[in-house]
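So the sequences go chain by chain: A and B. Per the numbering used here, the first sequence starts with residue 1, numbered consecutively. Per the numbering used here, the second sequence starts with residue 225, numbered consecutively.
If you are wondering where the hints come from, they were derived from the structure by calculation, not from laboratory data. The structure displayed is predicted, hence computed values, not measured ones. Watch out, some of these pointers could steer you wrong.
Ranges between beta-carbon positions, derived for each pair [said to hold, decoys possible]:
1) Pro94/A to Leu388/B: 51 to 61 Å
2) Val450/B to Ser52/A: 31 to 41 Å
3) Pro26/A to Ala395/B: 47 to 57 Å
4) Gly124/A to Val450/B: 34 to 44 Å
5) Phe231/B to Leu51/A: 49 to 59 Å
6) Gly107/A to Ala409/B: 35 to 45 Å
7) Gly107/A to Phe479/B: 53 to 63 Å
8) Ser52/A to Ala409/B: 18 to 28 Å
9) Thr203/A to Leu399/B: 17 to 27 Å
10) Gly12/A to Ala395/B: 31 to 41 Å
11) Leu51/A to Val450/B: 55 to 65 Å
12) Leu388/B to Asp118/A: 37 to 47 Å
For every residue, glycine included, the Cβ atom is placed at its ideal position computed from N, Cα and C.
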Amino acid sequence: MIALDKVAYSYGGGELFSEISLNLAPGSFHFLTGPSGAGKTTLLKLCYGDLSATAGHVRLFGQDSRAMSRDELALARRRIGVVHQDCQFLDHLPVADNIVLPLSVAGRMDEATANLPDLLSWVGLTAQAGQLPPELSGGERQRAALARAVIMSPDVIIADEPTGNIDWEMSQRLLTLLVELNRMGKAVLVATHDLNLIRAAKTQVSARILRLKGRRLQTAGVDL
Amino acid sequence: MVPPTGFTVRLTLFTSGAMAFLAVFALALSLATGRLADRWASELAQTSTLRIMAPAEQMDGQTQAAIRLLETTPGVASARALTDAEQQALLEPWFGPDLPVEDLPIPRLIEIVEDSTGYDPAGLRARLQAEVPGAVLDDHTRWREPLVQAAGRLRALGMVAMLLIAASTAAMITLAAQAALAANAQVIRVMRLVGAQDSYIASAFVRRFTLRALSGAFFGVVAGVVAVSLLPSTDVAGGFLTGLGFQGMGWIWPFFIPPLAAVVAFVATRSAALRTLRKQA
């Protein structure tokens, strides 16, 4: 569904990484680790078409992202649910409206009535539906972001440090939600520096662990 | 989707209101000068004047001869000499009501009304020169055409003023829309991340600016119509003007301005939004 072939990315002359190849197939579960500044977030942005590779090819659902029109990219993003590190909410809209935003922009608001109550219940935010995002705790924000990422029933879920600002118990709960989605056939890619989370995941799901280090993507060893 | 706050709300409302107010006056000017041009053209085109300048003892004779000649001229429907009272009324604005017309050597005026075919001015002048040497034919062409032309140009100026108002409105709304787009960069980014296409994002701004322009223009038009209705009436201002206002069904015309302002806002905002979104990508 999403395939990176010998991809490189440079910021103003300095190469962040190169020769990156990755294939997110249906039902796959990947963790992406690496030191801060290695380019994990940039790699994720390449995967959902927010950035263009400076070399190599990124294929989104069979199409080269560089050759895609702006409208085609927008349509591809509807098939990719993204949980951003900073959640990226519209702070003037209630949580429920933020969660159904992808349905709204896709003109599928009729599905919101049927799906939203179940989804809010699944992430445990039924009572917070009418609150504004700044009124939520860190964990609640992450769960709301996950709800928004999955409301369109996307083929791929990408999460950038989803447990970065929350306690261990909440991290476990989020991980469980991601594993459930993976069991439904979704491809999942999670960028994290939380090795405990990865160890916990390995008891629940067969995940491939990738490490971005020294400008290359490596498969992590059994030490994890 | 877009937060409903910001100075662009007030800017758009004020601009569209003020421009609609001015557009009402431009429209009133255009319609009034149009009526003036039509009136001058129709009233003066069918009439002309024969002026008899002769010694007092020959005046009546030449007047009768001229009228007989005119009655046999093809294209002349009627011809009659103005009475002393009518001539006095014509001179009254300049010399006052007590002018002794009969004691003054002023020419006798004959009013000629043409029929639908009209007469041949050159032929009539030649016959008058032979039979009534003191007669001078004035078919009003010399001063009718410049007046009609001037009124026509005033009407055109009114139309140009309305076009300029529309262009200014579009420019101001474009600036306001660009400011709103810049102020809502984060909102646009989030919408893009969840799969919004440019047309969807643009429509969120277009809808808002179109409604603001519509409501602002409506209030501007109401204020403009009230102001025009309070202008002095034709009778008070004098017979020369037809009145800088609307007449009859003409009062409906200003209420086409708000929908037009909305159309201008729609086009300006959509164009600005799509252009800005392309640049932001």
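Does the Cβ distance between Leu51/A and Val450/B fall inside 55 to 65 Å? 57 Å, holds
Distance restraint hint 47 to 57 Å, applied to the beta-carbon atoms of Pro26/A and Ala395/B: The hint (47 to 57 Å, Cβ to Cβ) holds, given that Pro26/A and Ala395/B are roughly 52 Å apart.
Ala409/B and Gly107/A - C-beta distance against the hinted 35 to 45 Å: 24 Å, violated
Range hint 34 to 44 Å (beta carbons of Gly124/A and Val450/B) holds or violated: Once the Cβ atoms are compared, 59 Å apart, the range 34 to 44 Å for Val450/B and Gly124/A is violated.
Taking the Cβ atom of Ser52/A and the Cβ atom of Ala409/B, is their distance within the range 18 to 28 Å? 20 Å, holds
For the range 53 to 63 Å, tell me whether the beta carbons of Gly107/A and Phe479/B fit it or not. 34 Å, violated
Distance restraint hint 31 to 41 Å, applied to the beta-carbon atoms of Val450/B and Ser52/A: Distance hint for Val450/B, Ser52/A is violated at roughly 58 Å.
Leu388/B paired with Asp118/A, Cβ distance criterion 37 to 47 Å: The hinted range 37 to 47 Å is violated for Leu388/B and Asp118/A, with Cβ atoms some 57 Å apart.
Between Gly12/A and Ala395/B, does the C-beta distance stay in 31 to 41 Å? 36 Å, holds
Would you say the C-beta atoms of Pro94/A and Leu388/B sit inside 51 to 61 Å of each other? 45 Å, violated
Can you let me know if the beta-carbon spacing of Phe231/B and Leu51/A is within 49 to 59 Å? Hint violated: Cβ distance 33 Å, outside 49 to 59 Å.
Confirm or reject the claim that Thr203/A and Leu399/B have a C-beta distance inside 17 to 27 Å. 59 Å, violated
Checked against the numbered hints above, the structure breaks hints 1, 2, 4, 5, 6, 7, 9, 12 and satisfies the rest.
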